[in-house]
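Novice: Read off the chains here:
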Amino acid sequence: MPELPVRCAGIALRNPLLLASGIWGESGESLARAWTAGAGAVITKSIGSLPRPGYPNPTIESYERWGMLNAMGLPNPGIGEYPREIAVALGAGATVIGSIFGGDAEEFASLAVAMAKTGVCAIELNLSCPHAQGYGSEIGSDPAQVEEVVRAVTDAVPLPVIAKITPNAADPAGLAAAAERGGAAAVSAINTLRALAIDVELRRPILAHRLGGLSGPAIKPIGLACVWQIRERVRIPIIGVGGIASGQDVLEYLMAGASAVEIGTQVAFEGIGAFGRIGRELSELLERLGFARASDATGAAHFATG
Amino acid sequence: MVWFPGEDELPMSLSYTDGSSKGITVKAMGETSRNVQRIETGARLGIRGPYGNRFDLSPRRILIVAGGSGAAVLAPGAERAIEGGAEVTVALGATTETELLFRERFATMGAEVEIATDDGSAGTRGYVTVAVEQLLATHTFDAVWSCGPEIMMRKVALLARARGVASYGSVERQMKCALGMCDACALGPFHVCVEGPVFPMEKLLELPEFGAFKRDSAGRRVRF
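Heads up: the sequence lines are chains A and B, in that order.
According to the numbering used here, the stretch in the first sequence is residues 1 to 306, in order.
According to the numbering used here, the stretch in the second sequence is residues 1 to 224, in order.
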């Protein structure tokens with residue numbers, strides 16, 4: 001069978017399928033269960049400096065098969081209280097990546113220092129949440145700010161830093177290039193796309209926050225395009241995210257230039273068994289297409305087109 | 001999930017399931033539920049779901065333990081069980097007589113009803129678990145269902161276990177996505193929205209957090 005372990009951002013991953021930030025991850029036991037179910041690593045919920053309850057409900061509108069909107073509003077218990085959840089996941093043997101969000105470079109750096117003490121193997125920077133005022137894509141849409149934040153964090157901690165890139169910008173590949181200049185070990189792309197759902201009977205937006213982020217199969221071609229363009233601009237590894245529901249979807253992201261992927265919405269559609277199934281599908285597909293290792297597929301579509 | 005436009009979207013069990021109309025029961029707890037109680041006839045609500053599981057109706061002799069607003073969850077199950085030929089005994093507890101929910105309804109549907117109030121204003125004075133202990137000693141049951149404060153549910157499950165009776169409980173957690181994704185309703189390794197709200201109590205008794213703490217909307221642990 002083909003080898004699924006990959007190296008990405010200097011981290012050894014037992015397979016390239018990562019639990020995306022925001023999915024499960026409020027409790028350490030959920031992270032541990034995702035690891036046991038076969039995730040190659042688990043990424044925590046994005047953690048901020050202070051406890052944050054998130055937005056009121058409705059926070060989700062789901063369209064079966066093709067996608068989902070959410071505006072959770074970055075709920076998290078804060079960096080003071082969260083380390084004990086990470087300890088539970090680490091205790092189960094999980095490879096844990098800590099996601100953080102801040103309002104400026106200084107806050108990101110201080111959160112990274114605290115996160116690094118928890119024992120995570122890498123830090124993902126949420127520079128891309130599309131629905132949180134003062135955070136996420138409001139900072140992450142400007143290449144200069146992305147570079148500044150990434151540099152501040154890489155200067156502050158010895159861990160690999162992954163910058164999660166927003167697709168809600170004119171030039172996502174330019175943002176990835178800025179992250180690379182700042183010293184990022186990898187970029188992940190994409191986060192959700194700004195989106196709206198309307199209830200015609202009630203004549204109002206469904207989500208309490210009005211605007212939310214679209215995830216799921218509908219955004220896969222957009223994610224692929226971003227990964228493709230980022231591959232052409234940067235040399236650091238890419239973690240592909242967006243609408244992955246099958247082994248073939250994973251392979252498409254690998255061929256577009258990704259070294260690993262994150263899976264999120266499919267967990268809502270299918271349950272945590274999605275990791276095992278997608279891993280088996282990827283393995284069978286790699287074998288059928290003659291790949292000895294998952295890593296051999298990374299960027300394959302670029303080589304074919306020269 | 002019931003959406004009260006402009007207010008909130010809350011996880012609710014149907015408290016009336018008979019005929020073509022369905023009902024929910026809202027207790028004034030916080031600002032949202034107080035506002036919801038003022039909703040006028042003809043107002044429109046949004047519905048997502050139904051999500052999650054329900055009580056298994058196959059046991060023939062069922063002891064139902066309802067604490068406070070837990071009766072809203074258990075009343076329709078009691079009706080369906082009695083319609084299916086089950087013998088149902090209800091231990092109904094509340095802080096005081098005026099807080100006893102569906103007392104008449106349980107009696108009318110044909111259940112044997114034991115009452116307990118903390119202040120003794122109706123039925124036995126004290127916790128409903130005292131009545132449960134006596135009922136388990138004097139009756140034979142195939143199953144115990146409970147819904148109410150978690151400390152009560154834990155005690156009921158331990159009493160049932162001591163008598164060798166299988167017990168199931170409907171639990172409440174913070175709920176947001178209701179799709180098993182956001183982790184707001186995490187209870188040990190479980191997600192109450194998709195794997196619950198009804199659990200075999202033996203599974204819950206294994207969890208140190210059951211009856212000890214829940215999480216607030218930020219995910220912080222809050223002790224009961």
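Hints are computed from structural coordinates only; laboratory data are not their basis.
Using N, Cα and C, we set each Cβ at its ideal position, and we do this for glycine too.
Watch out, some of these pointers could steer you wrong.
Just some of the chain A residues that point at chain B, by a computed CB distance under 7 Å [stated by the list, open to error]: (1) S27; (2) S30; (3) P51; (4) D155.
Covered stretches of chain A (chain B as the covering partner; in silico rule of three or more C-beta atoms under 8 Å from a C-beta of chain B) [claimed, not checked]: (5) 32 to 46; (6) 57 to 66; (7) 191 to 205.
If you only want the chain A side, here are some residues facing chain B, beta carbon under 8 Å, derived [claimed, not checked]: (8) I23; (9) E26; (10) P53; (11) G54; (12) M72; (13) P75; (14) N76; (15) E81; (16) V267; (17) G271; (18) F291; (19) A292.
Novice: Against each hint, give a clear statement of whether it holds in the structure.
Specialist: Checked hints:
1. A distance limit of 7 Å between C-beta atoms decides the matter here; for S27 (chain A) the minimum to chain B is near 4 Å, and the interface restraint holds.
2. Interface hint status for S30 (chain A): upheld, as the beta-carbon distance to the closest one in chain B is roughly 5 Å, under 7 Å.
3. Given hint, P51 (chain A) at the interface with chain B, holds; its Cβ is 4 Å from that chain's nearest Cβ, closer than 7 Å.
4. Because the smallest distance between the Cβ of D155 (chain A) and any Cβ of chain B comes to about 29 Å, over 7 Å, the interface hint for this residue is violated.
5. Check result for the stretch 32 to 46 of chain A against chain B: holds, 3 residues qualifying (beta carbon to beta carbon below 8 Å, three or more required).
6. For the stretch 57 to 66 of chain A, the assignment as covered by chain B holds, since 5 residues bring a beta-carbon within under 8 Å of that chain's beta-carbons and 3 suffice.
7. Note: the stretch 191 to 205 of chain A has 4 residues with beta-carbon separation from chain B under 8 Å; the three-residue rule is met and the coverage holds.
8. Restraint check, I23 (chain A) versus chain B: the minimum CB separation of about 6 Å is within 8 Å; hint holds.
9. Of the supplied interface hints, the one on E26 (chain A) holds, with its beta-carbon coming within about 4 Å of a beta-carbon of chain B, less than 8 Å.
10. Given the 8 Å rule on beta carbons, the hint for P53 (chain A) holds: about 4 Å separates it from the nearest Cβ of chain B.
11. Annotation: interface hint on G54 (chain A) holds; nearest CB of chain B at approximately 6 Å, less than 8 Å.
12. Checking M72 (chain A) against chain B: minimum C-beta separation of about 6 Å stays under 8 Å; hint holds.
13. Taking 8 Å as the C-beta contact cut-off toward chain B, the hint placing P75 (chain A) at the interface holds, the least distance being around 6 Å.
14. For N76 (chain A), the interface hint holds, since its Cβ comes within 8 Å of a Cβ in chain B; the closest pair sits about 6 Å apart.
15. For the restraint placing E81 (chain A) at the interface with chain B, the shortest Cβ-Cβ distance is roughly 6 Å, inside the 8 Å limit, so the hint holds.
16. The beta carbon of V267 (chain A) is positioned within 8 Å of a beta carbon in chain B (closest approach about 6 Å), and the interface hint is therefore held.
17. Hint status for G271 (chain A) relative to chain B: holds, with the closest Cβ pair at about 7 Å, below 8 Å.
18. The closest approach between the C-beta of F291 (chain A) and any C-beta of chain B is roughly 31 Å, which is over the 8 Å cut-off, so the hint fails.
19. This hint is violated: A292 (chain A) has a C-beta 35 Å from the nearest C-beta of chain B, more than the 8 Å allowed.
In this structure, the hints that do not hold are numbers 4, 18 and 19, in rising order.
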